[in-house]
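Positions 1 to 228 (full-length UniProt numbering) are the ones given, in order, by the sequence shown.
Some hints here could point you the wrong way.
As the list claims (entries may be wrong) - Within a straight-line C-alpha distance of at most 27 Å, the following computed DSSO-like cross-link-like pairs (lysine-lysine) qualify:
{"#": "1", "residue 1": "Lys102", "residue 2": "Lys156"}
{"#": "2", "residue 1": "Lys102", "residue 2": "Lys36"}
{"#": "3", "residue 1": "Lys159", "residue 2": "Lys140"}
{"#": "4", "residue 1": "Lys183", "residue 2": "Lys30"}
{"#": "5", "residue 1": "Lys204", "residue 2": "Lys156"}
{"#": "6", "residue 1": "Lys156", "residue 2": "Lys18"}
{"#": "7", "residue 1": "Lys150", "residue 2": "Lys166"}
{"#": "8", "residue 1": "Lys6", "residue 2": "Lys82"}
{"#": "9", "residue 1": "Lys18", "residue 2": "Lys73"}
Claimed, not checked - Per label pair, the in silico range of CB-to-CB distance:
{"#": "10", "residue 1": "Lys5", "residue 2": "Ala118", "range": "55 to 63 Å"}
{"#": "11", "residue 1": "Thr193", "residue 2": "Ala118", "range": "49 to 57 Å"}
{"#": "12", "residue 1": "Lys30", "residue 2": "Lys5", "range": "51 to 59 Å"}
{"#": "13", "residue 1": "Lys102", "residue 2": "Lys150", "range": "43 to 51 Å"}
{"#": "14", "residue 1": "Glu15", "residue 2": "Asn105", "range": "31 to 39 Å"}
{"#": "15", "residue 1": "Lys150", "residue 2": "Lys6", "range": "39 to 47 Å"}
The hints are simulated quantities; they were obtained by calculation from the structure and are not laboratory data. Bear in mind the structure is a predicted one, so any value in this text is a computation, not a measurement. Where a beta carbon is used, it is the ideal one built from N, C-alpha and C, also for glycine.
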Amino acid sequence: MAITKKQKESRAKVEKNKLYTLDEATTLLKDITYTKFDASVDLAVRLGVDPRKANQMVRGVVSLPHGTGKDMKVLALVTPDKEEEAKAAGADYVGLDEYLEKIKNGWTDVDVIVTMPAIMGKLGPLGRILGPRGLMPNPKTGTVTMDVAKAVAEVKAGKIDFKVDKTGIVHAPIGKASFTADKLKENAMELLTTLNKMKPTASKGIYMRSIYMSSTMSPSIAVDPKLS
């Protein structure tokens with residue numbers, strides 16, 4: 001596939017084999033993002049873990065200080081007595097049986113599903129639809145809780161969950177290209193600090209192997225893991 005003039009210019013600005021500081025990377029990223037829409041900014045962090053082993057699985061949540069810049073669509077699957085508080089907290093869709101039926105028929109037009117412990121049994125049969133899309137609620141990420149309002153509000157405010165994939169990489173959004181370089185840096189630092197705290201005791205050797213920052217359609221910028 002031929003690369004465009006803008007892609008060529010962007011690539012030329014990223015020095016090969018250079019490890020950038022977070023300050024340099026966030027400033028450069030804004031300079032090489034040329035999409036007409038507000039591009040998403042992502043971090044890809046390669047960890048020195050073997051995710052096939054349960055004691056080396058890295059999974060958690062982080063509240064980004066400046067949010068993701070994306071309006072997260074939240075579905076609250078709750079009993080009638082919890083509907084009002086879920087709506088007040090900002091849930092986009094609130095209900096139960098009618099949404100379970102919609103999901104069974106293939107509807108997954110949401111970013112996060114929040115539910116209550118008593119309802120998880122009803123979601124089990126929908127695992128093959130929700131699982132691959134990363135939509136299955138999980139107590140570890142705070143999306144299965146009796147405090148539905150708090151869970152919804154946190155997601156709306158920029159709480160994201162992450163999980164190391166089978167190749168040992170954590171992919172996570174840290175904002176939008178329209179964010180200032182400082183905001184992107186602070187969001188990135190929050191994610192990296194959280195990941196550092198989660199190093200499994202079974203993980204030997206270098207934990208943070210590499211960090212790459214990119215936006216939609218931009219080249220990747222290598223960030224120095226030692227400085228993060």
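Comparing the hints with the structure gives:
1. Lys102 to Lys156: Status holds; Cα separation ~23 Å.
2. Lys102 to Lys36: 34 Å, violated
3. Lys159 to Lys140: Measuring from Cα to Cα gives roughly 13 Å; hence the hint holds.
4. Lys183 to Lys30: 12 Å, holds
5. Lys204 to Lys156: Not OK: Lys204 and Lys156 at ~36 Å, beyond 27 Å, violated.
6. Lys156 to Lys18: 36 Å, violated
7. Lys150 to Lys166: It is violated: about 31 Å lies between the C-alpha atoms, which goes past 27 Å.
8. Lys6 to Lys82: 50 Å, violated
9. Lys18 to Lys73: Cα-Cα ~38 Å, so violated.
10. Lys5 to Ala118: 55 to 63 Å: Holds, since Lys5 and Ala118 (Cβ atoms, about 57 Å apart) stay within the stated range.
11. Thr193 to Ala118: 49 to 57 Å: 35 Å, violated
12. Lys30 to Lys5: 51 to 59 Å: Hint violated: Cβ distance 19 Å, outside 51 to 59 Å.
13. Lys102 to Lys150: 43 to 51 Å: Given range 43 to 51 Å: violated, Cβ gap about 25 Å.
14. Glu15 to Asn105: 31 to 39 Å: 50 Å, violated
15. Lys150 to Lys6: 39 to 47 Å: For Lys6 against Lys150, whose Cβ atoms are near 43 Å apart, the range 39 to 47 Å holds.
The structure shown violates the earlier hints numbered 2, 5, 6, 7, 8, 9, 11, 12, 13 and 14.
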